[in-house]
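When you get a sec, could you build the whole thing from the sequences and use the hints?
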Amino acid sequence: MNTTPTPPLTATDLAVDASGLVKDFGSFRAVDGIDLQVRRGEVFGVLGPNGAGKTTMLSMLATLLPIDGGSARIFGVDVASSPHQVRQLVGVTGQYASVDENLTAFENLYLFGRLLGLPKAKAKSTGSDLLDRFDLTDAADRRISNFSGGMRRRLDLAASLIARPPLTFLDEPTTGLDPRTRGQMWDTIRELVAQGSTILLTTQYLDEADQLADRIAVIDRGRKVAEGTADELKASVGNSTLQLRLEDRDDTTRAAAVVARVLGEHPVLTPESGGLNIALADANRAADVLIALRESAISISTAAVQQPTLDEVFLAITGHHSDNETEEVA
Amino acid sequence: MSTQTLLPDTTASHALPVDRELSSRPSLAETWQQTTAMAWRSVKKMFRNPEQFFDVTLQPLLFTAMFTYIFGGAISGSVADYMPIIIPGILAQTAITTCMAMGTQLREDMDKGVFDRFRSLPIARIAPLAGPALADVIRYVIASTLTIMVGLAMGYRPGGGFFGTLAAWALTIFAAWSLAWIFTWLGTVMRTAQAVQGTAMLIMFPLTFLSNAFVPEDTLPGWLHAFVQVNPVSHVVTAVRDLMNDGSFTAEVGWALLGCTAVVAIFAPLAVRSYSKKI
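Going down the list, the protein sequences come from chains A and B.
The first sequence begins at 1 in UniProt numbering and counts up by one.
The second sequence begins at 1 in UniProt numbering and counts up by one.
Because the hints were derived from the structure by calculation, they are not lab data.
Virtual Cβ for every residue (Gly too), placed ideally from N, Cα, C.
Incorrect hints may appear among the rest.
Unchecked claim - The calculated EDC-like cross-link candidates involving lysine to aspartate or glutamate, where the alpha carbons are at most 16 Å apart (straight line), are:
1. B/45 with B/108
2. B/44 with A/214
3. A/124 with A/107
4. B/44 with B/109
5. B/44 with A/141
6. B/277 with B/111
7. A/234 with A/251
8. B/45 with A/207
9. B/277 with A/24
10. A/120 with A/107
11. A/234 with A/312
12. B/112 with A/101
13. A/234 with A/214
14. B/45 with A/141
15. A/122 with A/107
16. A/120 with B/30
17. B/45 with A/101
18. B/44 with A/107
As the list claims (entries may be wrong) - From the derived model, a few chain B residues whose C-beta atoms are all more than 10 Å from chain A:
19. 23
20. 34
21. 69
22. 141
23. 215
Here it is as structure tokens:
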């Protein structure tokens, strides 16, 4: 992961500088006064459940939707007043791969190359080049309608790199992909980051933001509810958690009493019987708990010390679970 | 893949916000390249969905023969006498019905994800509209050529000769391309392809049938006569007749060209405007 540049920040250090962004659809306020500052060279993750306003926000920044309130600058260029300039700075990869179904992979890249002003020969060579680098050469002459989801996303990403944009928007780059393909996509994104691109990424997967982003903004119902590094967000929930499972669930009450005696705090009993979640101010206290249980002849089947997951963070910040906990790959 | 770089050119410095000047608007040359690139895309699509050629091949064959034999005797006394009237009329009608498809196709196309990318690119806003319109000229060429060929096969001998016919053919194609902008605009304004289709029919029928395309206009009642005279399609039909039957560049030809240009001048900016605003 990139190290984030250290302050002081000036306006030109910011790839994205948005304040008070608002978008209304009729009486529904999809984006409700979001401030966003993305530094050059960092991967910034916008995390939120479906319908939180992530895509709407990104569409406004990418000049695809008019901004109803607030202002946004991309590398200092005002989005509302200079859309044509902003389009020269931003590469957009859509939520649903925005490539042409009727064309082959190569034809797609050739078309976008031509649209961006490359001469025919250069558009062809850039196209083959990108296909090669995204492992799509074998599929070059196949119609996109026959492509798998992962291949489409890769092609989509390749297409947004033709112009070598200094800033790339990735709107839910792995939504709907199987875990293996998702891992490949992550590798691709990491390589891009290693070359110094600035990336603004939206995701509904908590672990995706954790894996890729330097900093994360949590968006819920059109508002930004938290911002920081993944570790900062986790730390804001507090401490680490000792998760225990007892061999005999009849011991649960006794075990809870032992924990309360050692730590002075009552553990949370998890829904499955025989499980205890014990909040730890200091991870080292886990050993004390385990020894005390051993001395009380309570045997455990599993034990793990974990940082809170981002889902717990999300729950703590917004008061409700994200919709996607079942899809989370921990 | 890990040893390779993903970007086409690794010499690019991303420490700078941009390694090139930002242009404030696309130049004319850039707009043309973007338009031809979009036309290239449309042509590829066209040849991969050959049903797009059905209307432009079947309709001239069917309509030319049908209208000529059905109305010929009743309107002009004989099929041979009716041909100088009906063939130019059918040409104009064919132009309008084939260019009508522009609106529905554009609407369907705009609903696809790829249009989001087009809109996010630093390209002229007119290119995604003008490209398909340019590619559609292929269909107008097929339709108008076939109509004339069917007429010739049925015994029509244009008095304007080869060059008069060629000029009429070219005028038909220009008229189709111009009128297509009305339907392009509809495509950018309406929400569904069905709505575009329905509205296009509502425009197409009065424009073609309330014109002098099929019957001499002096047989019509006065109020209808008045409408027929201001209908731009009538001017195109008359101009095509003048060119094909007499080989003369009459004032009507001028009016037809002017009318078509006016349609483009009005509807192209409207279409671009509503396309730029479209969510």
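A quick look at each hint next to the structure:
Using a Cα cut-off of 16 Å, the hinted pair residue 45 of chain B and residue 108 of chain B holds, with the two alpha carbons roughly 13 Å apart. The straight-line distance between the Cα atoms of residue 44 of chain B and residue 214 of chain A is roughly 42 Å, outside the 16 Å bound, and the hint therefore fails. Using a Cα cut-off of 16 Å, the hinted pair residue 124 of chain A and residue 107 of chain A holds, with the two alpha carbons roughly 9 Å apart. Only pairs whose Cα atoms come within 16 Å are accepted, and residue 44 of chain B paired with residue 109 of chain B is accepted, the gap being roughly 14 Å.
Proposed proximity of residue 44 of chain B and residue 141 of chain A is supported: the alpha carbons are some 13 Å apart, at most 16 Å. For the proposed pair residue 277 of chain B and residue 111 of chain B, the alpha carbon gap of about 14 Å is at most 16 Å, so the pair holds. Of the supplied pair hints, the one linking residue 234 of chain A and residue 251 of chain A is violated, its CA atoms being roughly 31 Å apart against a limit of 16 Å. With a C-alpha separation of about 40 Å, the suggested pairing of residue 45 of chain B with residue 207 of chain A is violated against the 16 Å cut-off.
Only pairs whose Cα atoms come within 16 Å are accepted, and residue 277 of chain B paired with residue 24 of chain A is accepted, the gap being roughly 15 Å. Restraint check: the Cα-Cα separation between residue 120 of chain A and residue 107 of chain A comes to about 12 Å, which is no more than 16 Å; the hinted pair holds. Of the pairs offered as hints, the one joining residue 234 of chain A and residue 312 of chain A holds, with about 8 Å between alpha carbons and a cut-off of 16 Å not exceeded. Proximity of residue 112 of chain B to residue 101 of chain A is assessed by CA-CA distance (about 9 Å); at most 16 Å being required, the pair is judged to hold.
Proposed proximity of residue 234 of chain A and residue 214 of chain A is supported: the alpha carbons are some 14 Å apart, at most 16 Å. Restraint check for residue 45 of chain B and residue 141 of chain A: the C-alpha separation of about 15 Å stays at or below 16 Å, so the hint holds. Of the pairs offered as hints, the one joining residue 122 of chain A and residue 107 of chain A holds, with about 13 Å between alpha carbons and a cut-off of 16 Å not exceeded. With a C-alpha separation of about 13 Å, the suggested pair residue 120 of chain A and residue 30 of chain B falls inside the 16 Å cut-off, and the hint holds.
Straight-line distance between C-alpha atoms of residue 45 of chain B and residue 101 of chain A comes to about 10 Å, which keeps the hinted pair within the 16 Å bound. Taking the CA atoms of residue 44 of chain B and residue 107 of chain A, the gap is near 9 Å; set against the 16 Å cutoff, the hint holds. The Cβ of residue 23 of chain B does not lie farther than 10 Å from every Cβ of chain A; its closest approach is about 7 Å, which violates its non-interface assignment. Distance check for residue 34 of chain B against chain A: the nearest CB is about 5 Å away, which does not clear 10 Å, and the non-interface claim fails.
With a least CB separation of 40 Å from chain A, residue 69 of chain B remains clear of the 10 Å interface cut-off, as annotated. Distance check on residue 141 of chain B: its Cβ is at least 22 Å (rounded) from any Cβ of chain A, clearing the 10 Å threshold; non-interface status holds. Every CB of chain A is more than 10 Å from the CB of residue 215 of chain B (nearest about 42 Å), matching its label as outside the interface.
Of the hints listed earlier, those the structure fails to meet are numbers 2, 7, 8, 19 and 20, in rising order.
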